[in-house]
Every structure is written in structure tokens, then in C-alpha cells.
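Given next are the chains, with one letter for each unit.
4 protein chains.
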Amino acid sequence: MRRWRRFPWEFAPVSELAREPRPPYVAVIGDGEPRGPDAHRLLEWAEEIGHALARAGATVVTGGLGGVMRSASRGARGAGGMTIGFLPGADVSEANEFVSIPIATGLGVVRNLVVVTSSDVVVAVGGGYGTLSEIGLALRMGRHVVALSSWRVESDHRIGGPYIHRARDPREAVALALRLAGRLPLTT
Amino acid sequence: MRRWRRFPWEFAPVSELAREPRPPYVAVIGDGEPRGPDAHRLLEWAEEIGHALARAGATVVTGGLGGVMRSASRGARGAGGMTIGFLPGADVSEANEFVSIPIATGLGVVRNLVVVTSSDVVVAVGGGYGTLSEIGLALRMGRHVVALSSWRVESDHRIGGPYIHRARDPREAVALALRLAGRLPLTT
Amino acid sequence: MRRWRRFPWEFAPVSELAREPRPPYVAVIGDGEPRGPDAHRLLEWAEEIGHALARAGATVVTGGLGGVMRSASRGARGAGGMTIGFLPGADVSEANEFVSIPIATGLGVVRNLVVVTSSDVVVAVGGGYGTLSEIGLALRMGRHVVALSSWRVESDHRIGGPYIHRARDPREAVALALRLAGRLPLTT
Amino acid sequence: MRRWRRFPWEFAPVSELAREPRPPYVAVIGDGEPRGPDAHRLLEWAEEIGHALARAGATVVTGGLGGVMRSASRGARGAGGMTIGFLPGADVSEANEFVSIPIATGLGVVRNLVVVTSSDVVVAVGGGYGTLSEIGLALRMGRHVVALSSWRVESDHRIGGPYIHRARDPREAVALALRLAGRLPLTT
Numbered sequence: 001m002r003r004w005r006r007f008p009w010e011f012a013p014v015s016e017l018a019r020e021p022r023p024p025y026v027a028v029i030g031d032g033e034p035r036g037p038d039a040h041r042l043l044e045w046a047e048e049i050g051h052a053l054a055r056a057g058a059t060v061v062t063g064g065l066g067g068v069m070r071s072a073s074r075g076a077r078g079a080g081g082m083t084i085g086f087l088p089g090a091d092v093s094e095a096n097e098f099v100s101i102p103i104a105t106g107l108g109v110v111r112n113l114v115v116v117t118s119s120d121v122v123v124a125v126g127g128g129y130g131t132l133s134e135i136g137l138a139l140r141m142g143r144h145v146v147a148l149s150s151w152r153v154e155s156d157h158r159i160g161g162p163y164i165h166r167a168r169d170p171r172e173a174v175a176l177a178l179r180l181a182g183r184l185p186l187t188t
Numbered sequence: 001m002r003r004w005r006r007f008p009w010e011f012a013p014v015s016e017l018a019r020e021p022r023p024p025y026v027a028v029i030g031d032g033e034p035r036g037p038d039a040h041r042l043l044e045w046a047e048e049i050g051h052a053l054a055r056a057g058a059t060v061v062t063g064g065l066g067g068v069m070r071s072a073s074r075g076a077r078g079a080g081g082m083t084i085g086f087l088p089g090a091d092v093s094e095a096n097e098f099v100s101i102p103i104a105t106g107l108g109v110v111r112n113l114v115v116v117t118s119s120d121v122v123v124a125v126g127g128g129y130g131t132l133s134e135i136g137l138a139l140r141m142g143r144h145v146v147a148l149s150s151w152r153v154e155s156d157h158r159i160g161g162p163y164i165h166r167a168r169d170p171r172e173a174v175a176l177a178l179r180l181a182g183r184l185p186l187t188t
Numbered sequence: 001m002r003r004w005r006r007f008p009w010e011f012a013p014v015s016e017l018a019r020e021p022r023p024p025y026v027a028v029i030g031d032g033e034p035r036g037p038d039a040h041r042l043l044e045w046a047e048e049i050g051h052a053l054a055r056a057g058a059t060v061v062t063g064g065l066g067g068v069m070r071s072a073s074r075g076a077r078g079a080g081g082m083t084i085g086f087l088p089g090a091d092v093s094e095a096n097e098f099v100s101i102p103i104a105t106g107l108g109v110v111r112n113l114v115v116v117t118s119s120d121v122v123v124a125v126g127g128g129y130g131t132l133s134e135i136g137l138a139l140r141m142g143r144h145v146v147a148l149s150s151w152r153v154e155s156d157h158r159i160g161g162p163y164i165h166r167a168r169d170p171r172e173a174v175a176l177a178l179r180l181a182g183r184l185p186l187t188t
Numbered sequence: 001m002r003r004w005r006r007f008p009w010e011f012a013p014v015s016e017l018a019r020e021p022r023p024p025y026v027a028v029i030g031d032g033e034p035r036g037p038d039a040h041r042l043l044e045w046a047e048e049i050g051h052a053l054a055r056a057g058a059t060v061v062t063g064g065l066g067g068v069m070r071s072a073s074r075g076a077r078g079a080g081g082m083t084i085g086f087l088p089g090a091d092v093s094e095a096n097e098f099v100s101i102p103i104a105t106g107l108g109v110v111r112n113l114v115v116v117t118s119s120d121v122v123v124a125v126g127g128g129y130g131t132l133s134e135i136g137l138a139l140r141m142g143r144h145v146v147a148l149s150s151w152r153v154e155s156d157h158r159i160g161g162p163y164i165h166r167a168r169d170p171r172e173a174v175a176l177a178l179r180l181a182g183r184l185p186l187t188t
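Protein chains in written order, with the numbering used here: chain A, 1 to 188; chain B, 1 to 188; chain C, 1 to 188; chain D, 1 to 188.
No lab work stands behind these hints, which were simulated from the structure alone.
C-beta: ideal position from N, C-alpha, C; glycine also.
A hint or two may mislead.
Stated by the list, open to error - Residues from chain D shown here face chain A by an in silico Cβ test under 10 Å; the list is partial:
id, residue
1, 92
2, 101
3, 111
What the hints assert, rightly or not - Here are some chain A residues the structure puts well away from chain D; computed CB gaps all over 12 Å:
id, residue
4, 40
5, 160
6, 166
Claimed, not checked - Have a look at the derived ranges for each label pair, beta carbon to beta carbon:
id, chain 1, residue 1, chain 2, residue 2, range
7, D, 80, A, 182, 27 to 37 Å
8, C, 163, A, 93, 35 to 45 Å
9, D, 41, B, 97, 47 to 57 Å
Using the sequences and the hints given, assemble the complete structure.
And the structure:
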């Protein structure tokens, strides 16, 4: 898998900027305050996923707050990566300390749409109803979803377009996400 | 079940208006262009549901366009009911002819949030990814969902709050919806 | 000026519903908590405008809360009219008691876009920055604005499309609004 | 004026990231397709403003499309700066070639709220009704606005909070914006 140079504009003349693709954006979504016996494991998984995505050159996109959002951002920053956090409110100081590009949207619950639409692919780690709505919005906007210990969703009707791909562990989740972000065929 | 007087303000002095509750608002969501072998049946069900809701005094809320939205509105209007349609665009003429209160939101895909949040309970009839996102948003906003031949949704984690209630036929869907809208206990 | 029958669907068979136009929707916008020496006068004007709009058969649209929104709704209901209130939150009980169709949007500040886009014309009575943003959004969405003791807005550049029309009193504001809602020529 | 290090996370251990402030975000708003005799001048001004903001270490935020948005981004990138572009649609390829962080919001016209809310201060260069609505939203969300050959806006009522600051040329616009972004007192 090729690596993206992280900040190409530092080295390229303006005339060449247009030809540089941006790195893949991968959203990591999940509970802002996970509870129950699985909570600790979900946070560890989110951090591992963020770290591996950043190492592969991807930008990690989250909702910018706590829990899974913070762990994924922490993992990515630990690997030198860039993290974007779309906050619901108007105050940028709500962002967790591992968000490098904090975006105060002022959108409230509508900010969830931006998290998934701005990304090439979405990884869901656990999660409650907020995560379910983001999964639905992601599919609605044409983005594939990788689910790790997250929602199972089935319909009586045939649905075309993107899918939910179930991963067994963080490693598989990252491999799937990078493949889907690159729009490579889903074989091997 | 008690019936709501439909337009109480016609008969009541302004000083008494505050005490009249509004009728229950029930959203009916589903595909704007259902296809496949089930399409005809889904549209019939939506019309039957709209009709029964209106007969019980409920206001039927939809996304205002075709398919399930139009059939539910048609059923409600046939029973003398009121129908609200939240359109994605800025042009009110996009509404189907059975919407009595057409609302041009200008919100695009964000209008789905308004459809479910403005309602006391949501009935999903079949549906694709748009419907899945509305189900997720409804639960996220604290609204119960009644599903008829629609999405099955499961999580590995315990989730509190509202639920998806599966109905076997339109009759049961309406009974469940009216009970949930009235916040009556879910027994019997 | 012709009067619209208020609830045509009560009397018409379903097959004829499509041909009935909906009544004009007129938004009345302004401060939710007006202060200063003008506050009382602005509220009186809003009530007078709501009353006159409803008498002419128009539906009054507001943001559903207090101040100018409440006064305009109160005026309209006093004349037997229908009032729609788009609330920012998810709780319908936030609506003032003179809203007949309360819509809990869940949109936060974005609900302002729905107030103006859903209406045929917008009347601004006084108002602060929220009102200024609604005036801008109304013009952006192609709606004319009638301003009574409200914002004066000028550009160095030529702008096509709708305009801000300044009214000297509530009577003139209503006459202008009804003419603009009916898309009649602005003569006389 | 102090300069911000552009990408502090490249050099700092994760434990210190929390203490680094992000650079100031300055939105540059204006017409996506300026016409008339001033068009060329407005585009030159936008480019000059973008360039000077980036030289001072600010991140330039725009709506990501053409006209003033493209010129401001081009100026900023020419100075080695970072540019964020919030697109209305779901397709990142709509961004102009000078956007380094393109965000496909899927929000349609609602994306304007994100442009101004995410920024510390807003610079308006010319502009039509879209720009007027962004100015209103910026003030509504508590952001100061610097106007260069843009809208003049006046109210009959006293309004507290942020203001529109009129600049005579791009140089003054940039100086004002940087001062307001830093929340320094507005003296000289």
C-alpha cells in the first residue's frame, strides 16, 4: 500500500498542488462515554485503530469529544498523524487534546452528518444510538462502514450501494478501512 | 382511546388555547420509490396505516415526496386527517398532492432529522438506507420506532431509552404507534 | 384580495385535493426577548401583524418561542388563524401557547433556515443578530423580506433577486407581505 | 505579532500536545462567481488577504469553491499556509485545487454556518446574499466580521456582542482580523 506524503504543500510549488491527492480520511465513530464490561476494551481498540490508520498515512476524523473519539485521536497523534474533530458546539475548547484540526460546527446533532460525509470510509467501534444514526447516514451518503463489535443491521429488502463490513479485531478493521478508502477491489 | 378534536382553536377563545393538547404526530417513513416484488404491498400498507392513524385523530408526518410518503398521506387525507410533509428542497410544489401542510425546509438530507424529531413516534414501512438513518436518528432523539417489514437492528451492547418495536401487519403497527404516542404502558 | 378557505380538505373529496392551493405562509421574525424603550411597541406591532395576516387567510410561521414570535402567534390565533412554530429543540412543550402546529426540529440554530424557507415571504419586526441572519438566509433562499423598524442592509454591488422592503407601520407591512406572497406586481 | 508554529505535533511528544494552541482560523467569505466591474479587484484582494493571513500563521477557512473562496485559498497556499474548505456537497472533488483540507459536508446551504462558526473571525470581501447570510450567522454565533467592500448593516436597536468592522484595503482587513482573532484589544 502506498503511503501519502503528509503535507505535500510544504514542498511543492503552487502550480503542482492540484495534482496531489489528499490522504484518505477515515472516520472512527463510537460512544463518547462507553460503559459496561466492554468499555475498556472498546477504548483500547479505538486507540489501536487510530494508531494504525495514522501509520498508514490516513487522517483520522471523529466527533472531537471523549470516549472512542478521544482514544482514536490519541492513537493517531501518537503515530504522528493528523486528526480532525467535528464538534457539536461553537466552542473549540470542547475538543479533546488529541484533535489537531478542531472544527466547531455549531450544528448540534447534525454534526454527525459531517463526520461521516467528510470521510472516505467509516469505522464503528461499539456504540449506541448516536453511532447507529451515523452508520445509517454514512450508508445513505454512499460511504462503506466497517463495524467492530458494533451494530448488526439487516433488511428484508435488497439494498444496493455501500455495505457494513464486519471486522473481528482492530487489525482487520484497519485493513478493511484502508482497502475501502482506496476503492480497491475487496479481494484479499 | 380518546379522540382529539381536530382544530380546537376554531371553537375556543384564545384564553383557553393553552390547555388544549395538540393531537399526536406520527411519522410514517419509507422508500420514496420502492422497487422489487414487495413494492406494491408496502405502498398498500402505508396507505392503510395513514388511514387508520388519521381516523384515530393523529396527524401523519412524512418527508412529503413519493412512494411510502405519498401513500401514507393519501390514506390519512382519505380519512379527513391532517398531513405534514417536510420537503428537502426550497420549492413547496415538490410536495405530493396529499400533503396538507407542506414545509419546504431547504435542508437537503438534514430534513430527515426534522421528520422524526417533530413526531411523537415513528412508523417505518420497508425502506432503504435513508430509512435506516431516520430510524437511527429517531432513537437518538428519544423517539420509539415501530417497524413493519423494515430494518432489524441489533447491538452487542445494552442500550437504554426507546426501542424498535416489530409489527406483523399494519393494524398492529397502528395500535403500537398510538399506544407509544400516548405514552401509555406497553401492556396488552 | 381573495380569501383562502382555511381547511379545504374537510369538505373536498380526495380526488380534488390536488387542485386546492395551500394558503400563503408568512414568517414573522424578531427578538425572542426584546429589551429597551422600543420593546413594548415591537410586541404590539407583531401582534397586530399576526392578526391582520390571519384575517386575510394567511398562515403565520414563527420560531415558536417568546417575544415577537409569541405576539405574532397570539395575534393570529385571536383572528382564528393557523400558526406554525419551528422550535430549535426536541421538546414540543417549549412552544408558546399560541402555536397551533408546533414542530420540534432538533436543529438548534439551523431551525432559522426552515422558518424562512418554508414561508412565501418574511416580515422582520425589530430584531438582533438572529433576525439579521434570518434576513440574509431568506434573501439567499429567494424570499422577499418586509422590514419594520428592523435591519437596514446595503451593498456596494448590484444584487438581483428578492429585496428588503421597508414598511412604515404594521398595516403597510401586512399589505406588502400579502402582495409579495401572492407574487402580485408591486404597484399601487 | 507572534507567529504560530504551523504543525506543532510534528515535533512535540503526545503528552505536550494539549498545551499547544491551534493557530487562528480566519474565514474569508465572498462571491463564488463575482461579476461586474469590481470582480477582478475583489479576487485580487481575496488572494492578497489569503497570502497575508497565511504569512502570519493563520489557517484560511473558506467554502471551498470558486471565486473569492478560490482566490483566498490560492493566496494562502502560495505562502505555504494551510487552507480548509467546507463544501456543500458530498463529493470532495468539488474543492478548488488550493484547499489543503477539503471537507465534504453534505449540508447544502447549511454549510455556511460551519464556515463561520469554525473560525475565530470572518473577513467578507464583496459578496451577495449568501455572504450577507454568513455575516448574520457569524455575528449570531459570536464572531467578529471584517468587511471589505462588502455589506453595510445597521439596526434601529442597540445590539451587544461582536461587530462588523469596516476595512479600507486588504492590508487593514488582515490587521483587523488578526487582532480580533487574537482577542487583543482593538486599539491601534
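Taking the hints in turn, this is what the structure says about them:
1. 92: For residue 92 (chain D), the interface hint holds, since the closest Cβ of chain A sits about 7 Å away, which is under 10 Å.
2. 101: Interface hint status for residue 101 (chain D): holds (6 Å vs cutoff 10 Å).
3. 111: holds, 9 Å
4. 40: At about 20 Å from chain D, residue 40 (chain A) clears the 12 Å cut-off, so the statement holds.
5. 160: holds, 17 Å
6. 166: holds, 25 Å
7. D:80 - A:182: 27 to 37 Å: Distance hint for residue 80 (chain D), residue 182 (chain A) holds at roughly 28 Å.
8. C:163 - A:93: 35 to 45 Å: holds, 41 Å
9. D:41 - B:97: 47 to 57 Å: holds, 50 Å
Consistency note: the structure conflicts with none of the earlier hints.
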